[in-house]
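Visitor: Spelled out, the chains give:
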Amino acid sequence: MERILTYAEAIREATEQEMARDPSVIVLGMGVDDFKAIYGTTRGLQEKFGPDRVFDTPLSEDAMTGVAIGAALAGLRPIHVHIRMDFVLLAMNQLINIAAKVRYMYGGTVAVPIVVRSIIGRSWGQGAQHSQGLQSLFMHIPGLRVVAPSSPYDAKGCLIQSIRDENPVMFVEHRMLHAHRGHVPADSYTVPFGKARVLMKGSDITLVGISYMAVECLRAQRYLDSVGVSAEVIDPVSLTPLDVDTIVASVKKTGRLLVVDSGWTMCGASAEILTQVAERLQGQAHVRWQRMGFAPVTCPTTRNLENLFYPNAQTVASAAFTMVHDNRKSWAPIHEEAREIVEFRGPF
Amino acid sequence: MNEHFYRSLYRIRRVEEEVARIYPSDKIKSPVHLSIGQEAVSVGVCEALRPSDVVFGTYRGHALYLAKGGDLRKMIAELYGKVTGCSKGKGGSMHLVDVEAGVMGTSAVVGTTIPHAVGYAYAMRLRGADTVAAAFFGDGAVDEGVFHESMNFASLKKLPMVFICENNFYSIHSHQRTRQPAANIVDRARAYMMPAERIQDGNVLKIYERVQAAVDEIRRTRSGPRFFECMSYRWNEHVGPNDDFDKGYRSRAEADPWFQNDQVERLGSLLDLQARARIDAEVEAEIQDAFAFAEASPFPDDAELHTDVFKEAVTWNVS
Numbered sequence: 001m002e003r004i005l006t007y008a009e010a011i012r013e014a015t016e017q018e019m020a021r022d023p024s025v026i027v028l029g030m031g032v033d034d035f036k037a038i039y040g041t042t043r044g045l046q047e048k049f050g051p052d053r054v055f056d057t058p059l060s061e062d063a064m065t066g067v068a069i070g071a072a073l074a075g076l077r078p079i080h081v082h083i084r085m086d087f088v089l090l091a092m093n094q095l096i097n098i099a100a101k102v103r104y105m106y107g108g109t110v111a112v113p114i115v116v117r118s119i120i121g122r123s124w125g126q127g128a129q130h131s132q133g134l135q136s137l138f139m140h141i142p143g144l145r146v147v148a149p150s151s152p153y154d155a156k157g158c159l160i161q162s163i164r165d166e167n168p169v170m171f172v173e174h175r176m177l178h179a180h181r182g183h184v185p186a187d188s189y190t191v192p193f194g195k196a197r198v199l200m201k202g203s204d205i206t207l208v209g210i211s212y213m214a215v216e217c218l219r220a221q222r223y224l225d226s227v228g229v230s231a232e233v234i235d236p237v238s239l240t241p242l243d244v245d246t247i248v249a250s251v252k253k254t255g256r257l258l259v260v261d262s263g264w265t266m267c268g269a270s271a272e273i274l275t276q277v278a279e280r281l282q283g284q285a286h287v288r289w290q291r292m293g294f295a296p297v298t299c300p301t302t303r304n305l306e307n308l309f310y311p312n313a314q315t316v317a318s319a320a321f322t323m324v325h326d327n328r329k330s331w332a333p334i335h336e337e338a339r340e341i342v343e344f345r346g347p348f
Numbered sequence: 001m002n003e004h005f006y007r008s009l010y011r012i013r014r015v016e017e018e019v020a021r022i023y024p025s026d027k028i029k030s031p032v033h034l035s036i037g038q039e040a041v042s043v044g045v046c047e048a049l050r051p052s053d054v055v056f057g058t059y060r061g062h063a064l065y066l067a068k069g070g071d072l073r074k075m076i077a078e079l080y081g082k083v084t085g086c087s088k089g090k091g092g093s094m095h096l097v098d099v100e101a102g103v104m105g106t107s108a109v110v111g112t113t114i115p116h117a118v119g120y121a122y123a124m125r126l127r128g129a130d131t132v133a134a135a136f137f138g139d140g141a142v143d144e145g146v147f148h149e150s151m152n153f154a155s156l157k158k159l160p161m162v163f164i165c166e167n168n169f170y171s172i173h174s175h176q177r178t179r180q181p182a183a184n185i186v187d188r189a190r191a192y193m194m195p196a197e198r199i200q201d202g203n204v205l206k207i208y209e210r211v212q213a214a215v216d217e218i219r220r221t222r223s224g225p226r227f228f229e230c231m232s233y234r235w236n237e238h239v240g241p242n243d244d245f246d247k248g249y250r251s252r253a254e255a256d257p258w259f260q261n262d263q264v265e266r267l268g269s270l271l272d273l274q275a276r277a278r279i280d281a282e283v284e285a286e287i288q289d290a291f292a293f294a295e296a297s298p299f300p301d302d303a304e305l306h307t308d309v310f311k312e313a314v315t316w317n318v319s
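Chains as they are written, first to last, in the numbering used here: chain D, 1 to 348; chain B, 1 to 319.
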């Protein structure tokens, strides 16, 4: 029988198993020990492993990132949790100037095996500073791994891989994924970085969905199927390293690539993926390209504008349909808001 | 003991004088922030630490690296950009490291290594080790938010560490009085419930004794972090091999008391002439050897450009 867990439970289980296996793993971050337990992802860990290995922190993202780095230099494997990705901006100096660079600038004599978990805060009404998907900022920096799994299975395996990795890893979660359910084996396992997943085979267009947008691309695939368009859906899972081979092989077959990010498009993950595929296929294949992501504005809170801000299954399906029909036809499925967004009542 | 302190002080002074002498030849293609005049702080503190203790420092880090036992050959080779350097030539003067000696790194961004000492101390306490971590920083770092965040957490958790503020009065060319409302750095530490002391005169033996007593107590009683503000003075320009008393932002008269109080001379004068001459000769020979080693060492291979980004060799995205 399949063992079903939510994405949040998978994160918790991965953490618990690694902490039991390796006494050098610690968890720190604002609220990791409170009653909400970062949406349940850290629930029970302090009771099991004690307050020295699982601890709340002062509101000091900058220094606490430095503390995690210092602890890693001493041989620990810290997991630093940020309940919003927006808050990681307060830690950029430590992440970019130190975590990403010390292995290189100290000639390979040190390692910083830290995991920085952060959550893209979208549900509804989160507004300007509780909703950002900043994965591309970190992709820009040599020395940082960036992963953004979309399924409970990958969430567990990728987190275990991230904890064991000898490099700093930015582990990107999406709030709307936390309640998603799926098969998760009870035993410990790793999902290797640099291997994309083909979630659905198809022949007319390649949809690449990053983080939560992988879920929306799968929904778009079903809409498209109803109008005779066959979409292949790929989840890159890890962004650095990026498995461009899998995407290139798909685009060679479909001739169309639509990359949908849980973030902005300008200099974004979608731009990077398109570019890498274009560099590989230029002169070999005629390809139609498109990116989708957040509207190039600050995230608004009011519902009607917020709905326009985010890509969704319908807008993705509509864009894909137009691409497949070489811009000569347009179509859009009836708008249905995603269940996890309609039903969302917190915790925030 | 005097011989020991003199050797360490004189060795640092002479290494940096030699760096300054060679610098115009452009063999050292790395900006150098010389510690000349400030050696006593690094020497006094590091002599109070055990070899297994660790230090985290700043871009003005030559003195700290050498005082803590960092390998001299590897340091000079690093300045020369050679593959035998402590960072394989990829770090330069501002990023010295010697993990075996407990020199855990030096950073060019002011204040950034302070929380690393805090995190290292946290790990040591978690593991039940009696290692002490020392954070070295300047008066400029006191302006940074991370300084306060780090003191707050270190004190909250009573971590085994010492904060060493090396106050040379200037952040590049900006005097402390233009950046801070009062010369009260130690009071800020006390506000975080940390015992704090200012050592006014740069006396290397006094720095050693005070820090030694603090470190002993930290190990014995687990009483948490201590703070020292060690007043000091940079003799040379902020970056580069020359002095800059003609530039108008500070005067030679301001520096004079520090020249008079030179700890290298002071400790040297306590030795008999024969002992001093022997130490001087040994230090000169070691320095000559280190520069010859750097000269003779090869530059890194082109392939080194791509190593050490991640633990694993980067095989993706290489067109």
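These aren't lab readings, by the way, just hints derived from the structure by calculation. A couple of the hints might just be wrong.
[Unchecked claim] With a cut-off of at most 30 Å between alpha-carbon atoms, the simulated BS3-like pairs for lysine-lysine come out as follows:
(1) B:K157 <-> D:K36
(2) D:K252 <-> D:K195
(3) D:K201 <-> D:K329
(4) B:K29 <-> D:K195
(5) D:K36 <-> B:K27
(6) B:K206 <-> B:K27
(7) D:K36 <-> D:K48
(8) B:K206 <-> B:K157
(9) B:K247 <-> B:K29
(10) D:K253 <-> D:K195
(11) D:K48 <-> B:K158
(12) D:K201 <-> D:K252
(13) D:K253 <-> D:K329
(14) B:K247 <-> D:K48
(15) B:K206 <-> B:K158
Visitor: Please go over all the hints and tell whether each is borne out by the structure.
Guide: Hints versus structure:
no., hint, in the structure
1, B:K157 <-> D:K36, "holds (24 Å)"
2, D:K252 <-> D:K195, "holds (18 Å)"
3, D:K201 <-> D:K329, "holds (24 Å)"
4, B:K29 <-> D:K195, "violated (41 Å)"
5, D:K36 <-> B:K27, "violated (59 Å)"
6, B:K206 <-> B:K27, "violated (38 Å)"
7, D:K36 <-> D:K48, "holds (17 Å)"
8, B:K206 <-> B:K157, "holds (28 Å)"
9, B:K247 <-> B:K29, "holds (24 Å)"
10, D:K253 <-> D:K195, "holds (19 Å)"
11, D:K48 <-> B:K158, "holds (23 Å)"
12, D:K201 <-> D:K252, "holds (13 Å)"
13, D:K253 <-> D:K329, "holds (22 Å)"
14, B:K247 <-> D:K48, "violated (62 Å)"
15, B:K206 <-> B:K158, "holds (25 Å)"
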